[in-house]
Amino acid sequence: MNPNRRILLAEDDPQDRELTLKALSDAGMGSRVDVANDGADVLDYLHCRGRFAGRPRAIPALLILDLKMPKVDGLEVVRQIREDEVLRTLPIVVLSSSREERDLIACYRGGVNGYVVKSMEFTDHLRHVRLLGEFWGSVNEPPPESSRSTA
Amino acid sequence: MTDPAAYHRGPGRFGPFTVRAKIAMLILLLVAIVAIYVGVRMPTVIEREVLGSALRRSQQTTAMAGRIFIETLPRQGVLSASGTLARVPFDSTVVYAGVFDEQGTPLAWLGPATEKAPSLSASRASELTRHDRLLRTVERLEVHGHHLGTLVVGYDLTSDLIEIKAEVATFHIGSLVLLFFGIAVAFVASNWLTRPLTELVRTMSSIASGRLDARADASSRDEFGALGAAFNSMVEQWTSASTELRRSEERFRSLVENLSEGVTIVDAHETILYSNRAADEIFGELEHGLVGCRLTDYLENGQLESMEREIEERRTGRRSIYELSIRRRDGQHRTIEITASPRASTPGTYDGAQGIFRDVTDRKLAEARLGESEDRLRLALEAAEMGTWSWDFETNRMVWSEQLERIFGLVPNGFGGDPEEYLRMIPGEEQRRARRTMYDALYGWTKDLHTITHRIRRPDGSIRWVEVRGTLYRLENGHPRSMAGTMADITHRRMTEGALEAIVRGTATTTGREFLQDLVRELSRALGVRLAFISRVVSGPSPMLRTLAVADQGTAAPQFECDLVGSPCEHVYGRKTTFFASGLRELFPASPMLHDIGAESYFGVPLMSSSNKPLGVLAVIGMHPIDDSDILSSIMTVFGARAAAELERMQVEEHVHLLAHAMMSISESVTIEDLTGSLIYANDAFEETYGYTRSEAIGRRRSELLSIEEPSGGGLADVAAWRGEQVHRRKSGSEFPAFLSTSVIPGEDGIPRGRVTIATDLTLTKQAEEQLRSTSEALRTVLEVSPLAILIVGEDRTVEFWNRAAEQMFGWGSVDVVGKPLPFVPAHLADAEVDMQDAVLGGGSITNAESQYRRKDGNTVDVAISATGLPDASGRIVRMMSIITDISERKRAEVELRKLSVAVDQSQVSIVMTDARGAIEYVNPFFTHTTGYAREEVLGQNPRILKSGTTPGEVYQDLWKTLSSGHEWHGELCNRRKNGDLYWEFASISPVRDSQGVTTHFIAVKEDITERRRSEEEVRRLNAELERRVIDRTAQLESANRELEAFSYSVSHDLRAPLRHVSGYVEMLRDHINGTLDPTSRRYLEAIMGSAKRMGILIDDLLAFSRLGRTELRRDKVDTAELVREVWMELEPDRVGRRIDLDCEELPTVQADRTLLKQVFANLLSNAIKFTRGRDEASVAITTLPADDGSGRMAFHIRDNGAGFDMAYADKLFGVFQRLHTVEEFEGTGIGLANVRRIVHRHGGKTWASAKPDAGATFSFTV
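Sequences listed follow chains A and B, in order. The first sequence begins at 1 in the numbering used here and counts up by one. The second sequence begins at 10001 in the numbering used here and counts up by one.
Bound-form chain B, shown alone (with noise of 0.2 Å):
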């Protein structure tokens, strides 16, 4: 085998020539070479055949011929020569005859045409000449040796050669059909011999495809029947062979598939080949199967690593198990252990692997619980503070766990395994109870060891209490074999319940202090403490611990008091357990007590109300330290809550005692009804006041008893409440007015209880009113009417009384504020009124207090306040009074003159008053500064003193004239210093007149006005200056500016016509000789035409730039978003084909010349279109910020990601045709940037740039 692939070829797929195919192509091989050898060979015979026939005829006859000219020729010349030659006896064949001498010459001629003479030397010859169909024959006639002449003979050969042809022609035929024989022989003599080998090639086919029963037919008695036969055989044993080992695979496979592990094949890249049906329903993949998966498909995060791990061990050649947690398809979690074992065609390769997959999932789960319960045990146990043992009887050891040896206070292991270890322990009689119960269990005697309780002694002496269960397990036959069980420690238990059962015991019969007296005894003795006492808090400036039950040592002992500050019970009161389990003297070194009895501990607990409030505190007081705090915080916690319940009872007992009390104390009559009516409770009052006894009363209707009618009509429900005056009768008979308060007892049910009446005698009052009345409407009307604002403000801070003066003060109408706090005080002042309200109340009094109250249209008024306290019939202040006065011109007037008093100070003008005779009263301080004297040198002094002597007498004069006229003088007065310095003066002096109209004083006000005037001088002279200058450039510039016009003008004018005409020339030159132009002449012309435009642009540039630094500036509110909008718009055809972002944000409105602005950004954004020209994505974007320079414009930023620009250059950017890349990189005359530098500064904001080359350039403004 060497090419597998032939191998496996299946039938019918030969190459195109098959053994048949070879054979029929010899046999036609045979055929063709016959046919061509036969139709080449023949014509050749056949024409020989008949030509030669033809050749020897006419030999024949020429000889003849040549036989009877030789008779004839000698005899009778050569003259009869032509009649010999029409005598002799042609055949039809003959088409020319005739003889020649020895020169050639013809001696006779028969036929149509002439023959050269023959030259033959021979003496006999012929020639055939195939194209005229014509033999030639010639003949030399010798007799005796001489030459008689040549006979030449041409024979027709045409019936010759048709005979040729038609013999060859059937010949032809001939051979075509045994070509077809040949053909035919062929195929049938190639199908009859191959025939066996086909159908042995066809059944080994068969059996290549699986058709096992197929055979070769062995029939044949030939070759092939032998070797048809053996094949056959060959298939036979070959079957019997296959079919067992199909048996045997089978007989595996169902093995396989049966198998309760999961078994797959996978390939070297794992994918599974094989999985039989566990493995699949481990992965539950029952219903597709697990082939042509992977089982990392299935693998639970983190697993991965894991499995890659154990995949290259195996690819070492080694077996490995290892588990792994997979998910289900279904979303099942399962945990499977997988035995892979790697297969290896040839050592050191890896061609897969089997696994065998194990579902321990359960199992997982199962040791997972056992875990679980095993520690969820011991913690129960731990918890429970119960440790376990065993006891085996065999080796008498016992084996404790640690939480038993640490309950029985020993290290862990400390245990040595001997029972009497364990029972020696047991202290006194319960140790032989212990013993007795375990023995008894040991030999069997009781069936089971039943739960004994007993007390233990540990090393450190300390006694527990523990209870011990246990259960006994036997041998076979019956006997104990060991035992075991737990035991507990009960200790906190069983002392809590001890304790408990003590206090229930003592207590149970008891109230009161006697309760609390008994509680304290039966804990002390419970607990074994010294002192156990409950404490009250006596506050004050010192709060006191007062004692309201003390024990020492089980007996009842004497009350004490002691500070709280400073004592453990400082902790507790009111607030939480406090436990100091040791060193309490050396804690609380300030407390003498605890040092006298030697205190060592210390344990209290709050005692609470049941609405939280402190009553007080129980605590006890050990000479030794606590140990278990756990007991003594539950006990006392019991305790605590029984005695604060029980010191609750006895408040509540002491306030009905107290209210008892003051029932019988209080001077109105009071009664208690039940719900019937019938009175239950009547104090003394009562008896005073209707002159029935108590016990004439209780039990009676009171309606009955007063003769009155009920005014809810009885119904104690009805009413709860009820005030009002009644008449009623005493036990005399007598009637008198009454005031009534009742109101119902409600029950904690809500059912009313009783009713509760009081009762006020009012006969006396009533006449005390009515005098008060008269005397109070007198009062009442004086305060009323009284020009001063009155008013009464009452304890509750409402006002009371508001008299007419306060309304008109005020606003307000008494109305609108009695009964209501004081309207007028404004909220900065609220809290000074209460103060004084405070005092006023207080006791005190107050005179003339200035302040300011707010009037009702909201107005402050100024106002001095006197108030004083009005006190009630008890003499206890219970109303203010309170006058008020307004004095809001007063003060006016005060603030006023204190401006001007400061005015007059502060002015830095010189002021000076005099008396009418002109002495100086009063100058202000400028003046002293201003003159040099001070204040005392010239009181009294006439201001003539500061006379120069240069003031023009008539100046003075005027001044007099004016001031006696009674009016106001101004001037200027040219003074002296003190110092002598001359100073000019602009005063103002007017006369002050009283109300008589006559002069009493003169005032003066000066200003210094010596600097002033020498500043106007100079301003005067730099004014001319200016304005000379002024108009020296204005006229400088105008004729400049004229020359620039006229400049432009003839630029615009003029020297654009010469461009144009180059121009248009040149176009006109190019159209006309347009049909012999070169290209060299016409890239000249273009260079012309090309200039001459970009001159005319330059020319126009120029002209706009000077146009921009004439033109008037029209500033008006500019909305840049607007402008920008729309200049972008225009700007479209430049855009064209171009992605181009703009960015702009919020723009605002400024003040501008619109065009002129347009015109900047139309500049700069054509700028930055040009300069991104290389970007796919350019972007352009706008922002504005505040100008930093604080002049209030507005900066603008145009930002774009182009081209950009060396930094160096920045400074030529705003130039006239100042340009930073050439022509044919960007087009432009470089005047852009200078429009807007001069745009912009003609509206006096600045340009700059920045940017960087290739990167993007940001061109600001500011306007």
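This is chain A alone, in the form it adopts within the complex (with noise of 0.2 Å):
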């Protein structure tokens, strides 16, 4: 796998943005990680648009989502990457304060490839996030960047 595919994180509160990107550069891989503020910047991101508009083009190894954003909420953004045509191989990881069953359920069936609970534990919390930045940012094979489907 390439080690220089991005890695986005998608939060729109500042200071877990800050806890989780210290758990990522932990993990070693501060480097390759870019924060997305909100849903729209997200899909902002993706389709590399308005602030990221000379970004290029490339699909990132992960998408960590968190859920409830301001403008597009995580659920919008995994319905609007599972539709695109282009997007709908991106893993997504959510990564939500929330471990309610209806968000569960919902981010499941929308599509999600993980769900992870912000732990109230910070020892914890750093290691899940590292866990998760590891196996994904490392250890699993992510699509090819540019995967159009075929069928």
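Since the hints were derived computationally from the structure, they do not count as laboratory data. Each residue gets a CB set at the ideal place from its N, CA and C atoms; glycine is no exception. A hint or two may mislead.
As the list claims (entries may be wrong) - Just a few of them, taken from the derived set where beta-carbon distance is under 7 Å, the chain B residues facing chain A:
#1 Ser-11052
#2 His-11053
#3 Arg-11056
#4 Ala-11057
#5 Arg-11060
#6 His-11061
#7 Ser-11063
#8 Gly-11064
#9 Glu-11067
#10 Lys-11093
#11 Gly-11096
Claimed, not checked - Some, not all, of what chain B presents toward chain A, calculated at C-beta under 10 Å:
#12 Ser-11048
#13 Tyr-11049
#14 Asp-11054
#15 Leu-11055
#16 Tyr-11065
#17 Met-11068
#18 Ala-11092
#19 Asp-11100
#20 Leu-11103
#21 Thr-11111
Mind docking these for me? Both chains are given alone in their own frames, and the hints should help you get the complex.
Below you can see the structure in the form of structure tokens.
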């Protein structure tokens, strides 16, 4: 796999963002992380528009997605990604505070690849995010960068 | 002797300082002191000696030099001082020499070093400086008081000092040699000095250790020798005294050893210190001896107490003698007598005791046996009704035993002792005889007193028989001294013997009634009674006593008859021997006969046959009271048995006679053959049937006579019985069919005695049979084809005939039932059927009786039965013919009709029936109830009387149109009651048509729906209201739910984030400033993190709780046993290191949401684990019971033995965030039980708890 494939972190809360980034940096992949501030930002990133207009067109190896975000929320982002011919293969892992059954069901129905609950215990949180990053960013073989469906 | 231990000290056990060592040490000390003194003192002496000589020498030399200078100096002046000095002949020891003037200026110097000017005021001086080994001498040079100068000379002392050292060394070596020599001398001298003493000690030790022949050495002629001699003589004396003592002890010991009594010595603790052979033997311990044992080891059960009592007694200093039962080790029981004397060294103490033991077992046994044999003898004498007596001739007194006095009818000690008193009690001639016998013996004329028998008259006048036996005792000179013996009461025996003799004599030659007559006669004589009789009982409505033989006072008397009931014999007949000693008349006032003869007493025995059937009564009636029932009883029993045998024999005889008569009178020919086949008996009918006379036939063989062949080939034993037809020939030669029945007469020993043959002439019978057969065949056919079920039942209640119609009706074929009991009678009617058959067979008849029979297929069928008896040829009814009709259909119709009419009558609807024109023919009770009209008022009227006028006309038109077209009409009508009230009816009216289709009736079924219509209206209104409210509430609920969802969504997403941030940043802060963090700051940070974490858990729990209220319930079958097991396994981490006993009884399967129920158990069990934390042995039990609220739910109880709680707070228990313990005591958020309650409530169940502080809690819920 290409160790330079980007990881997109979608998180609206700056403090959560910082904590999660710290965890990813601890995992040694701080440099690979791009950050989106809300759902609309995520879509802009993926479609290389708005403030990401100059970005090279490449699908990231992973989208770490918060659910409750202003403008476009996480579920909507998932829906749009899964409906998009090009983006539908993007691995999405939800990182949310909620462990509500309703959210879990909605996310998996929407087609997410993983769901991680943000732990109250910071050390746990660090560990979980690190594991998440290691697995999806290093171990997992992501779909090819331009994976237009041939089916 | 101050210290006994020292006194007993053996040889070789001295302390560290023996006498020898002390002497040696003394010598050594002296030598050492000398050596040390010399060693210290001598070097000083030597040094002074050597240095003194050197000083003297140097002073001489200096003085000589001084002189030279004095001589030389004044002459040659000072300048020549150096020359002078050089000229002085110093020896080699001078190191330097110099001359100084008065100011200390050197005038001349010789030698290597300069010397300061001497400051000596003295004219002459010398100074020793040891360290540079120099001796400085100063000499003031004066001539005639004129000071010339001062001469200083230094001498080398080296050689002198070396000499001093050498001499001192030599001396030290000498001292050491001296020391060693001193030690040797000390050793030898001490040895030599103490040897006799040691010898003496050794001798004494030998003697002390028992070698008495040891002697001290007395050969030396010093003090030790005298001491030895004195010691030896002392030992001699002591030895001889001790030997004497030992001999006497041995004598004593052998004496004690050989004593036949056991001797033991025990110490104060009762342990045996010594025991002799006899004692060992008594206790069975010859092998090991008793020493070291305790007596208590051998005691029998229950003896310990008395032994301890004796020991206590002994401890007070008293001698005690007592007996003990012991059990030896070999199991033998012995009784021993013990004489124990205490031993006391000083008065008032107890040091133990000596005991003397005697084995008294045999004596005890003998004593016991003696007692037993005395008792036995007394008992034997009493049993034999025997008394003892003795007669001392010297005093001429007799002594009687109490028993003997009793025999003579005297009170105890009632006999005075005079032999004449005894003899006077003997009546008549016998007295003389007895006296003679007695005195013959007394005077020595007879060798011994033989047995004599005589009567005595008791003081009450009664006569008894006694048998006297005795033995004569003589003095040494042969004169009789006394006599002793027994007397036995033999009245009983005598009387029985006498009576029996008389009866045997009287009845020996007779039999039958004569015998009985003789028997009662002799009986009445023998017993001296008024009346004796043997009687039979004639049964009937009132059984009568009929005598067979009567004797009155020894002579035959007329027979009599009387009622059995009310007579004394009533108790006897067939029952048991009965005895009325006196007052008979008072007991049986109803019997005139007893009064007539003045009866007083009665004795009756039942007469029973050998097969134990009552035959009659043997009884005697006396005029006087009977005083000895025993005699009477035995006589009567014997006679009764004899009379019964005779009666039985007479009965048999009678039977035989009757049989013979019967044989003669029966119409069939009866013959009896003996074993050879010859006829021995033929009856009258034989003569008639065969034409032979008896005399012609007897003695001939039957087969020859009748010219037939025996069916069995002639052997009697071959065929025990045979029945069948044969053709026989009469004397006239004509033949005829005969029916034969033969049977062998068995003997008692099993060998046949003969054969009896009964023959019937069948000639007439055959003809009649043939006729009957053809007639009955025809009749049978008629019966067989009859459409009615016909069956015939015989007297034996089995089916004889069963026609086809019966077959069809019941399903059983003729072959199934003929010869068997009626198959179709159900069990519950069996008795009724039997009654019916009895009635018919008894002559009655039955017409159309209704019953219910069972078909073969199990169904029942209702039947009507007509039955009549069928007589046989003699007119006796022996069969029953039944004609059975199936009335099931009719029955069913009847039942239906009855049901319908009941239904109509009871119906809660109005039913009206009119004829075709509309006139009312019938109304049911409910009609009258509804309308208020009585039945009589409406019969014949048209139903339009009920019209209210409010029902639209179209309704009636529709009604009539429908009915006239033959259909049923339904509709609602508004009618008017008799009292004018309107009411609504729902009516169903239908036409009733006959088979031709013509309407004959109308039936209206009408339901009063007034109330229903009102209710319906109400319900409709309420429903509308309810619906509206439901819609409102649903909307409210939905909105509330929506808000709640939004709330929990935002809580789960947003409320946790700040907490996480707090925890995260604090963590990072701590890492960031870790090195510089002081403990207080660290604690603050920990607290912030702990609180954030706790807040997070609270939020999680609250969310879970709110989720519980919203999630959908999925009910399913849940095996709670498995669920509990699962939960318990999952709680494993909580249980680590704990010992918790989970006790689950059989848990049921319930309908519930598995996930939620699991949470209930998880919460409750986790609580139980948590709150039993303080228990070493925690226990949790789950029990179930059906809930007592009748809901059919199960109640689960989870009980623990943990911390419990105060019931005052029980109502708070299930609230959200309610806690009864502080977080420090038991952690938790307080939401677990709230969850439990919410889940249980959602299942429709309830929760409760009971507990006591510190005594466990029980949480219960129903589901």
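Now for the hints, and whether the structure bears them out:
no.	hint	in the structure
1	Ser-11052	holds, 4 Å
2	His-11053	holds, 4 Å
3	Arg-11056	holds, 4 Å
4	Ala-11057	holds, 6 Å
5	Arg-11060	holds, 6 Å
6	His-11061	holds, 4 Å
7	Ser-11063	holds, 5 Å
8	Gly-11064	holds, 4 Å
9	Glu-11067	holds, 4 Å
10	Lys-11093	holds, 6 Å
11	Gly-11096	holds, 3 Å
12	Ser-11048	holds, 7 Å
13	Tyr-11049	holds, 7 Å
14	Asp-11054	holds, 7 Å
15	Leu-11055	holds, 8 Å
16	Tyr-11065	holds, 7 Å
17	Met-11068	holds, 7 Å
18	Ala-11092	holds, 7 Å
19	Asp-11100	holds, 8 Å
20	Leu-11103	holds, 7 Å
21	Thr-11111	holds, 7 Å
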